[in-house]
Amino acid sequence: MRPEIKEYNYDWMLGSLLKTASGIGNCSEKEIHYLLKEIPYFRGTLSVLLREGEIGFRFIRMLSLYFENLLNARDSGKKVAAITFCLSPALFHAMNIVPVTLEVMTGLAGLLWKRGAYDYLDYGCELGFTETSCSSQRGALGAYMAGLGEEINMFVCDTPGVCDTNANAFAFASAYLDKPFFQLNYPHTIGDDKTKQYHLDDYRDLITFLEEQTGYPLEEGKLRQILMEVDKQDDLLAELEDFHLLKPNPIPVIYNLFIYIGRFLFSGCPEYTALLADMLTAVESNAKTEKSGLYSGKENIRAYMCYIDHYTLDLNFFNWLDQHGIAHIGGILSRNFRDNAGYTANLEKSTYGIDTSNMTTMLSSIAEMNATLPMVRSIRGPLDGPNMWLEESLSLARTYKADCIIYNGTPGCRNTWGMVKPFAREIEAAGFPVHIMYGDAFDDRVETWESTKTRLDEFLSIRGLL
Amino acid sequence: MTLTAGCDVGSLTTKAVIMDDKAVKSSALIKSKSNPEASARQAMAEAMEKAGVTESELSNVIGTGYGREKIPFVTDVKSEISCHARGAKWLLPSIKTIIDIGGQDCKIIRIDDQGEVVRFVTNDKCASGTGRFLEVMAKALYMDISELGDLNRKSNSPVTLTSTCTVWAQADIVKFIHSGIPVEDIGAGINLAMAKRVSTLVNSVQPEKEVCMTGGVAKNRGVTSLMEKLLGFRLKPIRRADPQLVGAIGAALFGRNR
Amino acid sequence: MMKQFMQAATGLNHPGITQWKENGGAIVGYSCSYLPAELIHAAGILPIRLRGIETTGMDMGDAYFGPYICSYPKCILQQAAQGGYQMLDGAVITPGCDSMRRLFECWRKAGEDHQGVVPGFFYYFDVPHKTVDHRMKWFVDEIDSIQKAIETHFEVEITVESLHRSIATYNQGRKLMRDLERFRTQLPAPISGTEAFAISIAGTTLPREEFNATLSNFLETLENRSDKNPENPKRLMVIGSISDDLDLIKLIESNEKALVVADNLCFGVRHDAEEIPVTDNPLEALAQSYLGASTCPRMFGQYKERLAILEKKVESYSVDGVILQNIRFCDLHGSENGLFERDLEKQGIPCLKLEREYGPLADTGRLKMRLDAFMERIS
Chain A
6 MRPEIKEYNY DWMLGSLLKT ASGIGNCSEK EIHYLLKEIP YFRGTLSVLL REGEIGFRFI
66 RMLSLYFENL LNARDSGKKV AAITFCLSPA LFHAMNIVPV TLEVMTGLAG LLWKRGAYDY
126 LDYGCELGFT ETSCSSQRGA LGAYMAGLGE EINMFVCDTP GVCDTNANAF AFASAYLDKP
186 FFQLNYPHTI GDDKTKQYHL DDYRDLITFL EEQTGYPLEE GKLRQILMEV DKQDDLLAEL
246 EDFHLLKPNP IPVIYNLFIY IGRFLFSGCP EYTALLADML TAVESNAKTE KSGLYSGKEN
306 IRAYMCYIDH YTLDLNFFNW LDQHGIAHIG GILSRNFRDN AGYTANLEKS TYGIDTSNMT
366 TMLSSIAEMN ATLPMVRSIR GPLDGPNMWL EESLSLARTY KADCIIYNGT PGCRNTWGMV
426 KPFAREIEAA GFPVHIMYGD AFDDRVETWE STKTRLDEFL SIRGLL
Chain B
30 MTLTAGCDVG SLTTKAVIMD DKAVKSSALI KSKSNPEASA RQAMAEAMEK AGVTESELSN
90 VIGTGYGREK IPFVTDVKSE ISCHARGAKW LLPSIKTIID IGGQDCKIIR IDDQGEVVRF
150 VTNDKCASGT GRFLEVMAKA LYMDISELGD LNRKSNSPVT LTSTCTVWAQ ADIVKFIHSG
210 IPVEDIGAGI NLAMAKRVST LVNSVQPEKE VCMTGGVAKN RGVTSLMEKL LGFRLKPIRR
270 ADPQLVGAIG AALFGRNR
Chain C
17 MMKQFMQAAT GLNHPGITQW KENGGAIVGY SCSYLPAELI HAAGILPIRL RGIETTGMDM
77 GDAYFGPYIC SYPKCILQQA AQGGYQMLDG AVITPGCDSM RRLFECWRKA GEDHQGVVPG
137 FFYYFDVPHK TVDHRMKWFV DEIDSIQKAI ETHFEVEITV ESLHRSIATY NQGRKLMRDL
197 ERFRTQLPAP ISGTEAFAIS IAGTTLPREE FNATLSNFLE TLENRSDKNP ENPKRLMVIG
257 SISDDLDLIK LIESNEKALV VADNLCFGVR HDAEEIPVTD NPLEALAQSY LGASTCPRMF
317 GQYKERLAIL EKKVESYSVD GVILQNIRFC DLHGSENGLF ERDLEKQGIP CLKLEREYGP
377 LADTGRLKMR LDAFMERIS
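Chains A, B and C supply the protein sequences, listed in that same order.
Counting from 1, position 71 in the first sequence corresponds to residue 76 in my numbering; the numbering is continuous, with no gaps.
Counting from 1, position 181 in the second sequence corresponds to residue 210 in my numbering; the numbering is continuous, with no gaps.
Counting from 1, position 354 in the third sequence corresponds to residue 370 in my numbering; the numbering is continuous, with no gaps.
Hints are computed from structural coordinates only; laboratory data are not their basis.
Just so you know, these numbers come straight off a predicted model, no measurement behind them.
Keep in mind that the hints are not guaranteed to be accurate.
For lysine-lysine, the following DSSO-like pairs were computed, each having C-alpha atoms within a straight-line distance of at most 27 Å [claimed, not checked]:
hint	chain 1	residue 1	chain 2	residue 2
1	C	K384	B	K62
2	B	K125	A	K11
3	B	K125	B	K258
4	B	K62	A	K42
5	A	K119	B	K258
Listed below are several chain A residues computed to face chain B (Cβ distance under 7 Å; list not exhaustive) [what the hints assert, rightly or not]:
hint	residue
6	R7
7	E12
8	N14
9	D127
10	C130
11	E131
12	A151
13	E455
Backbone N, C-alpha and C define an ideal beta-carbon position, used for all residues, glycine too.
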């Protein structure tokens with residue numbers, strides 16, 4: 006790692022940038038105009054967020070608060086846990102632990118800095134972590150392993166059996182830094198009683214582990230409070246989801262990002278609820294006037310992202326969708342499979358409900374909630390198994406009337422790269438054009454955005470979509 | 030006075046040097062042919078002619094490089110890692126870490142005070158981070174590889190290049206050219222991608238100072254200055270010989286001790 | 017005897033297999049060392065490890081697998097799709113790692129394009145990544161399920177008695193392998209790494225009784241073998257990614273000073289677990305033994321235990337250097353090799369980390385260069 010980079014704390018750099026940005030809300034348009042001139046790299050991403058007005062600011066403020074919590078964790082006597090995006094942070098909030106969602110931390114560097122997380126990505130490799138490992142964890146982990154972030158007290162993941170590359174990143178970092186490690190471990194089945202019992206047993210072990218690490222027991226009242234907030238969030242999400250059904254889709258492309266980043270960081274926290282409520286209001290008003298959420302105002306086609314989005318500088322990918330009049334009808338990350346969401350109608354038995362009557366029902370609820378998160382739900386088993394990736398993608402693409410399906414990940418997504426070709430074949434056979442992106446969602450150096458864009462354009466024109 | 034020779038048959042170039050007890054008497058550097066033996070013979074013949082010696086006067090000829098097993102006339106063979114270590118130590122006695130960028134691979138070698146190899150790493154399968162990478166990129170820019178090094182000084186905003194695959198990087202370059210990006214920015218981007226790749230490898234062996242570079246890429250000022258910036262320390266230049274000859278010199282030095 | 021081992025180690029259709037088929041026996045291939053082979057054996061079926069040797073291209077592998085996938089399962093698929101696994105009556109795929117588990121989908125897809133390449137019995141066997149009680153219970157259930165599936169498909173009955181017999185047969189093989197290993201700890205070792213590796217690979221593909229008998233005879237000859245290994249060799253240990261590549265060990269030993277005396281490989285003697293106890297509940301006993309030993313990095317979070325295994329081996333085999341190899345895209349072994357290198361070098365044990373491709377050793381020259389330099393370093 007370049008020596009000058011070792012001078013700065015990663016969390017602090019991201020946090021202070023976001024804190025400054027969250028103050029822009031009070032600026033005049035003229036002031037913002039001059040400000041943007043001063044920030045050539047952050048400008049692109051910031052402009053996209055500013056375009057969303059108050060909701061964009063709320064999102065920035067939420068991120069800023071997240072860093073404030075993290076940077077003050079130790080002083081407030083809280084432990085810090087590195088977690089992954091497909092592990093719900095709700096339990097951690099209920100137990101007063103600050104969760105660091107590694108993929109968000111890496112992604113933010115990509116969105117906010119010109120050089121993204123490059124130096125940190127490479128630093129992992131300097132330590133012996135394979136360069137073929139997933140970039141989504143490798144970036145932020147590079148900073149933490151270099152001692153450039155807040156001290157991580159424990160590593161918790163739920164990906165063994167779901168994404169070994171992900172689990173391996175947590176195992177490596179915990180061994181490298183000699184910190185405790187815990188894994189939730191998912192079987193290849195979902196929905197049956199035996200699996201549910203297993204989910205619960207395993208989740209209880211997680212709670213025991215966290216209690217040992219913090220020295221405090223999980224309080225029933227606190228868990229209830231958090232779950233009731235999740236319940237509210239799920240109601241809002243279910244309503245938002247229904248608007249994806251409309252043509253034109255009144256949901257702005259970037260809302261997808263807000264929805265899942267919010268959940269990755271603040272599931273069960275009021276800040277996220279407020280953001281969702283604002284988003285719902287905005288979408289409702291669009292829907293009333295039959296307005297598309299796209300800035301061009303004209304919806305040409307609808308794309309279903311069967312995996313993740315692309316997070317490099319200037320929010321290029323989201324802009325590209327917007328410019329081409331492509332409605333983003335969600336992807337694997339934006340949905341959580343709560344039983345009240347309309348899209349789950351065809352995917353029963355792999356959803357969760359929330360029952361806060363007593364500790365037993367709450368534990369079952371939260372264990373099942375975690376079991377239906379992205380990847381954990383649908384790539385734990387064989388591609389064509391019940392409720393698995395193929396069925397989920399086809400069902401959602403049909404429900405939301407997708408015109409095409411786009412796969413994007415990172416070269417580290419061993420589990421999906423192992424089946425994406427058979428997957429694409431089945432999807433094509435079902436009548437959906439599929440595009441496989443070969444780049445890296447978190448590292449522009451694997452394939453530059455220019456190349457990625459050319460290939461996307463090519464796909465649209467060859468398949469006669471635009 | 031004993032005369033020894035070192036012959037380094039690489040994937041892109043073949044090098045031969047003839048040494049006496051004190052110094053390098055002569056050297057030759059040619060493009061490698063498809064047949065390692067022919068490359069070795071030609072380089073040796075050139076070097077011998079320059080030094081005015083015949084094969085029988087040489088007490089030992091040590092072979093190294095990829096083609097080393099295929100040279101029939103050598104007394105012994107040594108791996109190029111040991112040879113680069115030996116040669117660099119002789120040229121720069123204070124050296125502890127050697128970065129050798131060859132045509133087909135890149136090696137980082139750490140040695141102790143006696144010049145013994147303590148640790149080394151090499152890049153793996155991919156050509157990025159090797160001389161071959163620069164050669165392909167230079168070709169895509171329609172320029173000679175020796176011209177690449179100067180472009181950094183002229184560029185203000187180097188392009189971002191895919192660092193993991195030579196083929197993709199090449200495709201990117203073609204696209205950059207077509208979209209009218211100045212050639213110096215592309216060239217500087219190439220050097221940067223190369224320097225980043227190699228620096229990561231260097232850091233993985235916890236380099237100790239002094240550090241020097243050997244191999245052809247050591248002559249590319251664009252890459253070396255970027256590497257110094259990325260690594261945060263100075264690379265000690267080799268002045269007593271062409272950095273590309275270090276492996277062959279090391280081989281010839283091994284011949285002395287036999 | 018050695019010829020028999022060598023044949024089995026280097027050819028998919030070695031005489032042991034063809035003879036078994038001629039006698040009308042069924043064969044089931046499996047992808048991972050976490051599957052208790054005793055179970056298949058107890059059904060009177062020959063269990064063999066799935067391998068990717070003898071492939072010449074990768075077109076079939078690449079047709080179904082994505083680009084960022086380990087070449088090991090790609091080579092297995094290559095073999096399968098071009099008809100190399102016609103001898104199989106069944107195949108069991110496990111989530112050994114993400115690349116391997118997707119053989120389940122890719123192989124079936126290949127079956128849609130190429131008639132008859134998918135065996136009649138094609139089964140996905142779940143293996144947990146940790147050993148806590150409820151996970152062990154899950155694993156026992158999995159073993160129970162596959163037992164029933166085998167019984168139904170092959171119309172056989174696997175009794176407690178037949179399981180006990182199979183466990184005893186496998187235990188005998190384990191004991192013989194431990195005897196062989198004792199020879200390798202000797203100074204000088206009377207057997208080369210190539211020979212020893214051939215034996216342990218043969219153990220994954222020869223009928224167990226035949227393997228035991230041959231090994232037992234071989235060990236007797238070893239007692240009186242005059243030392244044919246180089247004098248004062250550098251004693252090496254090879255660890256890392258899955259490998260049934262005899263050529264890799266041969267390549268290492270082609271350096272005149274190198275002798276591979278130990279390994280910690282999936283096809284090698286990594287699973288030198290204690291003998292499996294004969295109890296009233298053989299499935300439970302199998303589950304405990306197979307999942308209990310944390311030998312593979314797929315058992316996340318148990319790095320320290322695996323480091324301890326290596327440290328013990330370095331000492332008991334008097335190892336001078338460790339070769340840590342991984343197949344490209346094998347993040348599990350690749351990263352753990354990084355940690356091993358850090359921790360072993362700290363103790364003064366020289367390490368060489370190699371990343372390579374599985375399959376025909378195309379980059380032999382590059383590997384050789386590094387191996388030779390490593391030998392020069394430790395000599």
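Checked hints:
1. A threshold of 27 Å between alpha carbons decides the hint, and for K384 (chain C) with K62 (chain B) the separation of about 21 Å falls inside it, so the pair holds.
2. Between K125 (chain B) and K11 (chain A), the direct Cα distance comes to roughly 23 Å. Compliance with the 27 Å bound is thereby established for this hinted pair.
3. Distance restraint check for K125 (chain B) and K258 (chain B): the Cα-Cα separation of roughly 19 Å lies within the 27 Å cut-off, and the hinted pair is therefore satisfied.
4. Pair hint K62 (chain B) plus K42 (chain A) does not hold up; C-alpha atoms about 55 Å apart against a cutoff of 27 Å.
5. In summary, the hint linking K119 (chain A) to K258 (chain B) is supported, as the alpha carbons are separated by about 18 Å, within the 27 Å threshold.
6. Because the smallest distance between the Cβ of R7 (chain A) and any Cβ of chain B comes to about 5 Å, under 7 Å, the interface hint for this residue holds.
7. A least Cβ separation of about 11 Å between E12 (chain A) and chain B goes past the 7 Å threshold, and the interface hint is therefore violated.
8. With 7 Å as the threshold, the beta carbon of N14 (chain A) stays out of range of chain B, its nearest partner Cβ sitting at about 18 Å, so the hint is violated.
9. A hinted interface residue such as D127 (chain A) counts as satisfied when its beta carbon comes closer than 7 Å to some beta carbon of chain B; here the least separation is about 4 Å, so the hint holds.
10. Using the Cβ-Cβ criterion of 7 Å, the hint placing C130 (chain A) at the interface with chain B is satisfied: the shortest such distance is roughly 5 Å.
11. Checking E131 (chain A) against chain B by beta carbon gives a least distance of about 4 Å; that is within 7 Å, so the hint holds.
12. At about 11 Å, the closest approach between the beta carbon of A151 (chain A) and any beta carbon in chain B exceeds 7 Å, and the interface hint on this residue is violated.
13. Checking E455 (chain A) against chain B: minimum C-beta separation of about 6 Å stays under 7 Å; hint holds.
Hint violations for this structure: numbers 4, 7, 8 and 12, all remaining hints satisfied.
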